[in-house]
Each structure stands twice: as C-alpha cells, then as structure tokens.
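Kindly generate the complete structure, drawing on both the sequences and the hints.
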Amino acid sequence: MLSKRIIPCLDVRDGKTTKGIKFKDNVDIGDPVEMARFYYEAGADEIVFYDITASSDKRDIMIDVVRRVAETIFIPFSVGGGIRTIEDMRKVLLAGAEKVSVNSAAVKNPEIISKGAEAFGNQCIVLGMDVKHVGKSEKIPSGYEIVINGGRTFMGIDALKWAIDAEKLGAGEICLNSIDADGTCEGYELNLTSLISENVGIPVIASGGAGKPEHLYDVLTRGKADAALIASMVHYGTYSISGIKSYLDKNGVKVRKSW
Amino acid sequence: MIAIIDYDAGNLTSVARAVTHIGFECIVTNDINEIGKAERIIFPGVGAAGSAMESIKRLGLDKAIKEAFSSGKPILGICIGTQIIMEYSEENDTKCLGIIGGKVLTFRFDEIRKNGAGLKIPHMGWNRILLRKSHFILSNLKEDDEFYFVHGYYPAPDDPEHLIGTTEYGIPFASVIGYKNIIATQFHPEKSGSPGLAILKNFCTWKPC
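Heads up: the protein sequence lines correspond to chains A and B, in order.
Residues 1 to 259 (my numbering) are what the first sequence spells out, left to right.
Residues 1 to 209 (my numbering) are what the second sequence spells out, left to right.
Keep in mind that the hints were calculated from the coordinates and are not lab data.
Any given hint might turn out to be false.
Unchecked claim - Okay, derived cross-link-like pairs now, DSS-like style, lysine-lysine, Cα gap no bigger than 30 Å in a straight line:
no. : chain 1 : residue 1 : chain 2 : residue 2
1   : A       : Lys168    : A       : Lys254
2   : A       : Lys108    : A       : Lys139
3   : B       : Lys201    : A       : Lys168
4   : A       : Lys91     : B       : Lys57
5   : B       : Lys57     : A       : Lys257
6   : B       : Lys142    : A       : Lys250
7   : A       : Lys254    : B       : Lys133
8   : A       : Lys132    : A       : Lys212
9   : A       : Lys257    : B       : Lys133
10  : A       : Lys132    : A       : Lys224
11  : B       : Lys201    : A       : Lys254
12  : A       : Lys254    : B       : Lys57
13  : B       : Lys103    : A       : Lys168
14  : A       : Lys139    : A       : Lys161
15  : A       : Lys257    : B       : Lys142
Unchecked claim - Footprint (simulated), chain B over chain A, 3 or more residues, beta carbon under 8 Å:
no. : region
16  : 91–105
17  : 120–132
18  : 152–162
It should be emphasised that the depicted structure is a prediction, and the values quoted were computed from it without experimental measurement.
Just so you know, even glycine gets a beta-carbon here, dropped at the ideal spot from N, CA and C.
Take a look at the structure:
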C-alpha cells in the first residue's frame, strides 16, 4: 500500500531559507542545503523548495542550491517559484530536481503545462495552485477562486475547473495551497482539499495551515490528500517528522517508518 | 567502471550522483564502445516507452544492451529501463527489447479504484516490496523498508521464475524482476534514501553466477 507523504517546504530567497507568514514578514531561518540534509535524515518523504527571490539576476543562485541539494539528499525534491519557461524547467531538472512546480505562469499561459509534460514527462510537472474561498457564484461555481501574486490578484478562474483542466493538459500532481489557511497553523482547508482530490485522478499535496499532527491526520483522511506539506511546525522545532509520522501511524494512516 | 546508459530519458544525473555518493566510479554515456568496455551497466530512465525505444534504436543501444546481457555483465534496469527490457509495452504500443518475456501493462484506473477507492495514477510515492525470491541485491531488505515509485505502467513477466518482488497498489504488481545477470526495479533506488542506496551498493558488487 502506498504511504501518505510528509513533505517539508522550504522557502528560499537569495539562496537562504525563510518562512513566510501569510506571505509577509519573511525572516531568514537557515541554509537550504543543510535544512534539506536535516529533513532527509529525519525521514521526510520528499522536499519542496519555493524560490521567492525577487530579482531575476539572482536566480542562478537557486540553480546552484538545487545542484548542491541533489548531491546531498537521495529522495525526490521539487522546485517552484519563478518558473516561467520550458528553459527555466530544463535548468532546474538538469541541476537535479525531480519535479518543477508552476503556478502563476501556468495561470497566465496554460500551455507551459502541456509543453513541459511533453518535454520532460507528466510526472515532472506539478501544478501549484493558490486558492481563496470567495463563496459560490455563477462565475466561480465551486466557491474557490484562483489567486496569484501571493493572494493579491484574483484571476476569475474557478479552482476546481482549473485543477481538472491542468490534469488534462498533463500536470502529474497538484500542490494545493489555501491562502486562507496559509500561515495560520490552525489546520488545512479540508473542504477545498477533498473537493479537488476527489475530482482529479492525479495526486494532490495539501498545503497551508499545518500547526499540529492532528491537522495532517485530518487532511490525509477526511481531506483525501495524498501528501501533506509542512513548514513552521517543523522549521521551528515544535514537532519532528518522526513524531508526526508515529502519531499518524498510531491513528491508522499508512506512512513510511523506516529510512 | 559502471556505465549508466544515456538515451535522452530524463534524470540520469541523479543515478550518477547516487553511485558516486556510495563510492563507485561511473560514466553517463551512449557510446557503444564505452558500454562494451564497462564492467557493469545501469539502464535507467523516466519518460515514455515510445520515445525511449526510439532513442535506443537511433543510438544503436538496443544491440549494445543485448550484447551486454549475453556477455554476462551485471545489468540493473530502473523504471522505464525495467519496462524496456520486456517484450512489449502498452504505452505508445511499443515493441521493446525482449530480454525478459512478458508485457508492460497500464494500471487500469477503474480496476484500481474498485480495489482501493481514491487511488491515483501515476502510482507516485513510497511503497514496500514483498520478496518472492531472494536476490543478492535485496539482501539488506527489511520488512518496513519503502522505495520511491513514479509510474503509470508496470512489467508483467510471463515466467514466474523472473519475479523477484511485488508491490501492492490496488493490485499486486512486479516491482523487481530479473534472471541470470539482469535485475530490474520499477522503483527508483537512487531516490529511495538509505534502503535504495543499499540496493545500488549491492548491485555494484554483485557477481551473478
């Protein structure tokens, strides 16, 4: 039986890890390569990096980080943030990442999903979705809308429709981030997660809101997620990955226990 | 020297990095002479069977791999490399190398859903191996070791003698196959943490009889 994946997420700016709270007030909390090694040895099933470097002339720092991470850890990892072209994808994959994640660029230009899938295989392409609850309307029948620019720009696109379209275009996985829950540490958005997960045939990683192991239990069971992204709850040492996994295991969620 | 066969099929650097990490020398190559000279061969890959076979034929690697097999050199297949050594793949209706008899089948979504609601395609993530037969490269395997998979197709060898290990995903499927000097895994040992690195290390010292 397939294990549910626990995935620490590292935000990287100018080659350093940060953790944003609601995308604001980022503070530096370490070296991404060392943090990746730490989580690899601590039992992470996968690692996600988001490059939040603002200026494009510093982007190559991230490629160097990816290369060093690939030499250090032997589990899959993905890289997102600032991926706008097939060439950007190629650089990250050649540097050693398993997957690339596209978010705003795919909203503006959905073809990047199909072109990326064609060039590198569906399994390489993760669609990152930032979603806000707006209530059901004619234009947004699911009540969840796609936003970009860290939640500031509403795109008028229904989140459920976008997830289904992206699967058809060739996305291999969805990383679903609730802007409402992000940084709150009060739990994942369960309704949103189960809605998307039950209506696509590709794996869904839940993101945003994890504060304690119970939250992961909820999203991996009722939320129907295939994997759960975590950040603050492990970055600041409040919980360990093995502690979270043994809680899940005791409660009947299949997780990887040996590494 | 270990030759990692390069046929434009995805993340070959990760296999090379893992082999280097465990202390063995390797080259990533599509040069038939280099492959001929190598002591062992790793045949990795991600991607689709159709384009993989096309590149293999275009580069003349089909002959090189078959020759390596008949010469008795240890060969390790990984993921698409494991599927390509079968006779035929349902993916892109592809005629493959035929080193191991049998077909590569697609996970049938409906079937899998029936047996385990909510299962997704591809089979992506960590899963266990149930040993059907002992094998040197799996000699360190512990019951709760898990390995990283990402695939929508799986090999189905005709001869049960070629089945080394199985994995459960809605149905039990062959996740390790092989005979004589070839061994092949559907999962990615280079991405499976220390149990995966142990398999690679065993392969690097394996002496098939």
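Do the hints match the structure? See the list:
| no. | hint | in the structure |
| --- | --- | --- |
| 1 | A/Lys168 / A/Lys254 | 29 Å, holds |
| 2 | A/Lys108 / A/Lys139 | 18 Å, holds |
| 3 | B/Lys201 / A/Lys168 | 40 Å, violated |
| 4 | A/Lys91 / B/Lys57 | 27 Å, holds |
| 5 | B/Lys57 / A/Lys257 | 42 Å, violated |
| 6 | B/Lys142 / A/Lys250 | 20 Å, holds |
| 7 | A/Lys254 / B/Lys133 | 25 Å, holds |
| 8 | A/Lys132 / A/Lys212 | 22 Å, holds |
| 9 | A/Lys257 / B/Lys133 | 24 Å, holds |
| 10 | A/Lys132 / A/Lys224 | 19 Å, holds |
| 11 | B/Lys201 / A/Lys254 | 28 Å, holds |
| 12 | A/Lys254 / B/Lys57 | 42 Å, violated |
| 13 | B/Lys103 / A/Lys168 | 27 Å, holds |
| 14 | A/Lys139 / A/Lys161 | 11 Å, holds |
| 15 | A/Lys257 / B/Lys142 | 11 Å, holds |
| 16 | 91–105 | holds (count 4) |
| 17 | 120–132 | holds (count 5) |
| 18 | 152–162 | violated (count 0) |
Hints 3, 5, 12 and 18 from the list above are not met by this structure, while the remaining hints are.
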